[in-house]
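Asker: So you can see what is in the structure, the chains are spelled out below.
Protein chains: 2
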Amino acid sequence: MKRHLITLVLLLTLSVSLCLAQTALPIVEDFKPSSVNQPGKEFPKVNSEGRVRVQIKARDAQKVQLDISAKKYDLTKDTSGVWTGESAPQGEGFHYYQLWVDGAAVPDPSSLYYYGASRWGSGIEIPAKDQDFYALKNVPHGQVIELPYFSKSNNSMRRCFIYTPPGYDKDSQIRYPVLYLQHGGGENETGWSNQGHANLIMDNLIAEGKAKPFIIVMDNGTWAMTGPRPADRNSGTWPPKGWADGFTKTLLEDIIPMIDANYRTLADQAHRAMAGLSMGGMQTRVITLANPDKFSYVGLFSGGSISTQDVESAPGFKEKVKLVFISYGSRELDNPRKGPWGDPKENTEALKKAGMNTHFYVSPLTAHEWQSWRRALNEFAPLLFNN
Amino acid sequence: MKRHLITLVLLLTLSVSLCLAQTALPIVEDFKPSSVNQPGKEFPKVNSEGRVRVQIKARDAQKVQLDISAKKYDLTKDTSGVWTGESAPQGEGFHYYQLWVDGAAVPDPSSLYYYGASRWGSGIEIPAKDQDFYALKNVPHGQVIELPYFSKSNNSMRRCFIYTPPGYDKDSQIRYPVLYLQHGGGENETGWSNQGHANLIMDNLIAEGKAKPFIIVMDNGTWAMTGPRPADRNSGTWPPKGWADGFTKTLLEDIIPMIDANYRTLADQAHRAMAGLSMGGMQTRVITLANPDKFSYVGLFSGGSISTQDVESAPGFKEKVKLVFISYGSRELDNPRKGPWGDPKENTEALKKAGMNTHFYVSPLTAHEWQSWRRALNEFAPLLFNN
Chain A
-12 MKRHLITLVL LLTLSVSLCL AQTALPIVED FKPSSVNQPG KEFPKVNSEG
38 RVRVQIKARD AQKVQLDISA KKYDLTKDTS GVWTGESAPQ GEGFHYYQLW
88 VDGAAVPDPS SLYYYGASRW GSGIEIPAKD QDFYALKNVP HGQVIELPYF
138 SKSNNSMRRC FIYTPPGYDK DSQIRYPVLY LQHGGGENET GWSNQGHANL
188 IMDNLIAEGK AKPFIIVMDN GTWAMTGPRP ADRNSGTWPP KGWADGFTKT
238 LLEDIIPMID ANYRTLADQA HRAMAGLSMG GMQTRVITLA NPDKFSYVGL
288 FSGGSISTQD VESAPGFKEK VKLVFISYGS RELDNPRKGP WGDPKENTEA
338 LKKAGMNTHF YVSPLTAHEW QSWRRALNEF APLLFNN
Chain B
-12 MKRHLITLVL LLTLSVSLCL AQTALPIVED FKPSSVNQPG KEFPKVNSEG
38 RVRVQIKARD AQKVQLDISA KKYDLTKDTS GVWTGESAPQ GEGFHYYQLW
88 VDGAAVPDPS SLYYYGASRW GSGIEIPAKD QDFYALKNVP HGQVIELPYF
138 SKSNNSMRRC FIYTPPGYDK DSQIRYPVLY LQHGGGENET GWSNQGHANL
188 IMDNLIAEGK AKPFIIVMDN GTWAMTGPRP ADRNSGTWPP KGWADGFTKT
238 LLEDIIPMID ANYRTLADQA HRAMAGLSMG GMQTRVITLA NPDKFSYVGL
288 FSGGSISTQD VESAPGFKEK VKLVFISYGS RELDNPRKGP WGDPKENTEA
338 LKKAGMNTHF YVSPLTAHEW QSWRRALNEF APLLFNN
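As given, the protein sequences belong to chains A and B, one line each in that order. Going by this note's numbering, the first sequence opens with residue -12, and the numbers climb by one from there. Going by this note's numbering, the second sequence opens with residue -12, and the numbers climb by one from there.
For reference, chain A alone in the conformation it holds in the complex (with noise of 0.2 angstroms):
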């Protein structure tokens, strides 16, 4: 009997483990390679699901990880010394990995590079059901350029990229309004259109007659950043006052002037914008309250809002700006923090009842990630230039 009971005991605990392991690795096979691999790597790879498989071979390695999305996940090695893993379902867009390596902390050989989270390193995309907006096609393309220039007010030699809007340089009479758009922090001037795709954004609206053509300016705003860095987001006194001014100098003072004297600009208040993504957004929070007669349209992409204190302390502000849009991910909206500039809706909300002409956007089931950023520029590009 007791032999029996055992039995019983060990048959249904195998049932039980059985049933766990199922439930707890449900992964479809229908993984395809990345469509920002390396030239011919098949990996890494992304299922349906949106799962991360990436492959290493480290013969002699004692352990392997992919690190994604703030987790770790544990590779396994074949025979050959092949490491072979996957990751958890990852949001629908852009996301930046790395590979652990008996604790060396690698890019992944495979993937392309992109600069985030203070690093060059890998990057993956998690296919969209609304990528259409930011692929590829064969519409008329901008240029993306990229210009050395000397800053007199840092005394060294700067770089940014200038994207200029499908026939550019076909007809020379045509002048055209500039927008200067700003990355996050650990991002630099490359992320807009590495990552965040702005130049094909723009294409494809301008292909089907939805936005202006207009020029897009992307700096770099940590270059010029002084004063303290933005540490401690639950701090009373953050950001701390000043912590903008270095790249408020930069850009009007040399960034401004150098695109207006080299690009065709219409380069006056009526014709120029500003928006940036978290830092950049709380940059172009800060440069346009203070220089409402430098820019009409304000956007901040999960980087703050604008409140009617903000706006009836800001003398011009109120008269001047055409447009406030203020966008975030639904995931960081989903989060009781709400920054210390209250509530963005509620904000955006009172502003407009003040009589500003304000535009809320909630990017659906994306966090403080580049899929809302994407999205963000997407919705704020119609709206430019149209006053």
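Among the hints, a few may not be true.
A pair counts as met if it fits within one copy or between any two copies, since identical chains are not told apart.
[To be verified] Below are the PhoX-like pairs computed for lysine-lysine, each with C-alpha atoms no more than 20 angstroms apart in a straight line:
| hint | residue 1 | residue 2 |
| --- | --- | --- |
| 1 | Lys50 | Lys64 |
| 2 | Lys199 | Lys157 |
| 3 | Lys139 | Lys332 |
| 4 | Lys44 | Lys59 |
| 5 | Lys281 | Lys236 |
| 6 | Lys236 | Lys139 |
| 7 | Lys139 | Lys309 |
| 8 | Lys139 | Lys124 |
Keep in mind that the hints were calculated from the coordinates and are not lab data.
Chain A is fixed; fit chain B onto it per the hints.
Answerer: Just chain B now, kept in the frame of chain A:
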């Protein structure tokens, strides 16, 4: 007595060991961070001998190596799990490298990344005595444009990079000559501006009045390459007939018409040049010999030469082509293998005797590497579009 003898032998052994250790490790401790490190990274470093010192944290690894110029160097681990080590002295200029962590070949997470050796991976600069000619200086700068375009002959989207000289966008009346400049095997359209610094070389030459301003087009010669790969350099039939046909078609039918339609070019044979390094030189050779009605200036950098027999069987080449420029790194010429086209210097001299304008350049103390090709461009560019 016996004890004294043993002591003497031990002392002698110790002295000899110390001497050997000293001659084996004459490392000069003047390492400085590489100029192409990721922002804020102290390592990799380079010393005045040209040694490369790398550092990576890998607490649980058993073996970590630096792999540069086809040689692997063991790193040593300190008590905190940080591995450090250095290479033998490297030649001046740019080199690709990678790290090995317990059998995994990975990019160094501290370096910038470049496309070469058929992958995006780590690169390092050994400061060169003549580095001034490709340095980023406060002179008027041209643009490097990234342009996506549709290629009919490939029925796909492609990408090219276009250098426009300083002032291109300021005066819309001026038209410019064009140089089509190709990368080598295992590289792509990013090579000439990223690791080649073609744009900075031109900016500096133009600032000093040493070269005429012209447009440079850098496209991908690999994507469209049909036929057998240049696998067997020693085979009598290499390169096989037709190997460059794919890129020839793409260049003549898609790239050149697209550039002439969208940029302010002087769209005739007299104002069009072609050059390339290694595989790109071989493509230049094939394409210009077959199309002397399209190109006036021809540059082969470490990519073969042109013989009098080649010219005799290429109708119009002798009459129409204004310059044949052949260059090599001196260490390539030390190699007795002269390539399938005979000795490049003898070929070039014979061509000059036959009445063509030729130029033969040897880059001092460099091999089949970017320092040879930077210097080649610096010598070639001043000779262009002067006739």
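Asker: Determine for every hint whether it applies to the structure shown.
Answerer: We went through each hint and held it up to the structure:
| no. | hint | in the structure |
| --- | --- | --- |
| 1 | Lys50 - Lys64 | both (9 angstroms within a copy, 18 angstroms between copies) |
| 2 | Lys199 - Lys157 | within (17 angstroms within a copy, 23 angstroms between copies) |
| 3 | Lys139 - Lys332 | neither (39 angstroms within a copy, 48 angstroms between copies) |
| 4 | Lys44 - Lys59 | both (18 angstroms within a copy, 18 angstroms between copies) |
| 5 | Lys281 - Lys236 | within (13 angstroms within a copy, 49 angstroms between copies) |
| 6 | Lys236 - Lys139 | within (10 angstroms within a copy, 47 angstroms between copies) |
| 7 | Lys139 - Lys309 | neither (31 angstroms within a copy, 43 angstroms between copies) |
| 8 | Lys139 - Lys124 | between (40 angstroms within a copy, 14 angstroms between copies) |
Consistency note: the structure conflicts with the earlier hints numbered 3 and 7.
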